[in-house]
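Protein chains in written order, with numbering that gives the first Met the number 0: chain A, 0 to 419; chain B, 0 to 349.
Wrong hints could be hidden among the right ones.
To be verified - Here are the in silico distance ranges between beta carbons for each label pair:
no., chain 1, residue 1, chain 2, residue 2, range
1, A, Met-84, B, Asp-279, 20 to 30 Å
2, B, His-213, A, Glu-393, 36 to 46 Å
3, A, Met-366, B, His-213, 28 to 38 Å
4, B, Arg-179, A, Phe-388, 47 to 57 Å
5, B, Ile-164, A, Lys-74, 23 to 33 Å
6, B, Glu-162, A, Gly-309, 31 to 41 Å
7, A, Leu-325, B, Phe-282, 35 to 45 Å
8, B, Glu-67, A, Val-277, 53 to 63 Å
9, B, Ala-241, A, Phe-388, 13 to 23 Å
10, A, Lys-297, B, Gly-138, 47 to 57 Å
To be verified - DSS-like, lysine-lysine: derived pairs with alpha carbons at most 30 Å apart:
no., chain 1, residue 1, chain 2, residue 2
11, B, Lys-30, A, Lys-379
12, B, Lys-223, B, Lys-198
13, B, Lys-205, A, Lys-293
14, B, Lys-2, A, Lys-352
Please keep in mind that the hints were generated in silico from the structure rather than gathered at the bench. These numbers were taken from a predicted model, which means no experiment stands behind them. Ideal Cβ positions, reconstructed from N, Cα and C, are used throughout, including at glycine.
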Amino acid sequence: MRLQKLYYDIENVVFDAKTYLDGHSLHINRDELIETVADKRFADITIGLAIPGESCRIMNPGDIVQPTLRLEDEKATFPGAQGEMRRAGNGKTIALRGVAVAEVCERFLSLGCFLDMSGPGAEHTPFSETINICIDPTPAAGVELNDYLEALKAASLKAAAYLAKAAKDHTPDAVEEFALEREGLEGLPRVAYIFQIFNHAPYTDTLLYGDSGLSMLPVVVHPNEILDGALVNRDYGQISNADPTFVYQNHPMILELYRRHGKDVNFVGVVVSNTPHVVTDKNRNAMLATGLVKYTLKADAVIITKEGGGHPQVDIALICDDCEGLGVKTAILISEFLSPSNATDETVLFTTKNADAMVAAGCLEFMIFPPMEKAIGGIKIANPGSTAFCDPHEAFRHRIKSIRGGMSQLGGLLYTSMKY
Amino acid sequence: MAKKIRIVHYINQFFGQYGGEDAASMGIVVKEEMVGPGKGLAAALGDRAEIVATVICGDNHIAERLEEVTKEVVDIIEKYKPDLVFAGPAYGAGRYGVACGSVCAAVQKRLGIPAVTAQNEENPGADIFKKELYIIKTGTNARTMADDTKRIVALGLKLLAGEFIGSPEDEGYITRGLARNVKSPKSSAERIVDMLLDKYHGRPFKTEVPIPSHEAVPATPAIKDLANATVVLVTDGGLYPAGNPDRMPSQNADTFRSYSIEGKDELKKGDYIVCHNGYDPSFVLADPNRLVPVDAMRELVKDKVVGKMHEYYLATTGLITTIANSKKTAQAMAEYIKDHNIDAAILTST
């Protein structure tokens, strides 16, 4: 499997009569974009722009998606979730850099989040550095929450493919190739990656080729499939614990393993693993994930990451124990957010001697967010520790992880938790 | 020249040069100058700051009525409008250490200004107050005073300026047992590959997340005679009467409530709400008995499988709950259960 990503650096977005790319300027025909994402479950659709450095707060953002188009098979962009069901990960794919499609959810979500384009909150998320093209639809009368979310999900994926099409036939600014076949892998430790996605309830889940992972068993996929849109985030129920699809498309753990592949690591593949609810199912999931790592990928060592909050910690601990029991060395990447008081005796909820190599992708912390002049989205989000709601034009105290992109457990952030 | 930073310094009778144990019951004395270790502080501060007052108090006097005397001390400190407060160093002296910790904690809380003390790690004051304060780590006696006062001053000035406070090793304070976000030069992806390879190749490495040791909870023995037992239904699924009359939280609860089910064959849809952010409550809202199985229990009582059902169910919200809060809630529940002569509890979670 050989994937070529054609990168186009966007420095400027303007609304125009036509959608096209002019150098580093992306011109968008707003009406055509609205038409592209229209759905009978929406009453009306606003397209907003959030620019890096601007005094702007996106309220209740949903998924964030990188504009992309699979040139090999354009109709199979985000296969299964939006495009037709064909394998991703091969051929040439357009990816626009410096720009993102952001869903704005106009329904209340219990763990809602926000995104600041400037100020202290902006420092905690990579999405303050992208020009965010915001798809902001209000629900039609009588539409159930999940139906609205389904339409919202489709809208951002359609917009991502539509916008990327503007770069077709243009010369990319950079090209990156992804292939596991390489010289000089002999003698290097065989390292696998268990990517534990989060599946909790419909619309609090992750889509693999369009399928909700709720009843998924662990499966081996090629890392290119994930980089090429096979995996889409749909976690609206616990959105502040979830990485958006943009992060899957540029999966930091997979990119790092590719970077080390052939140098100090032989990257042998990815197992996508699950977070079932019932103990028996958790044990089965851990057993099968470990089996794939040990006997199918024949790994010497494995990196385990998780998405979501508390109970997925049980799954990574079970996988860790099973892997170490079979002689596969493990390391775990985790965000510490068990304890709102930040006490270091409550960092994780499992205890096993095998989990002796863990990296912290930050911890739960509160900070004060200043008022912003411009707001995109009309939903006020819940204010933890209070019955009040957060108004974008006022200062409020909130969790850093409630910044969209402010908590990532997939390796991209520079934050760690300092014990003091 | 910039305005000088105003500092108040708290010390005990010994360092205030009133005497040792014989003077330990003396009350509060204020001197509008530096005294004893204040001279070391002043030397480290240089021209930037001045010690506008030194509050001296006998160790027994404050230890015997800690809260009350702490309040009196802080009232006095407040009058001097300080920017920064120092206390000690208290070294290994227990009563003095607790007093320094208590004064500094109260200053931070009430006056909203930074306060720094210094003491030995084994000092009970350190144990009680380290979560609230930066406490400079010292030995057990005043031999290292010159260096200790320098470190107090350095940390105090940093706190006052709102500067980044580094690790306990770098700054010389007692580990507070807390965590916060800091930037690392390498991404977590890079760090974890490094750590995994170190582990694989048998090289030394240091985990970033120490594994907590949770105490084992032994299971209670089984009920021998269920037909004569009283059973209570307990849930952490956040099921409360409609309107949530007790305003129970949606996460991290530190308490529980009991709600009557007397005369109810089942819990009726619409009479209850779910206040819990961690799961999709639609099934529970459609039939609250599936979380708190009152209907099934009534049948078991009718069939004489179970003696009695306690006529209240107990409810809390179990989500992102700290161990401390879980324990607090559990202990209160256990007392309730004991007080009501209940033999067994059925715990339903989500």
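Which of the listed hints are not met by the structure? When the structure is compared with the hints, numbers 4, 5, 11, 12 and 14 turn out to be violated.
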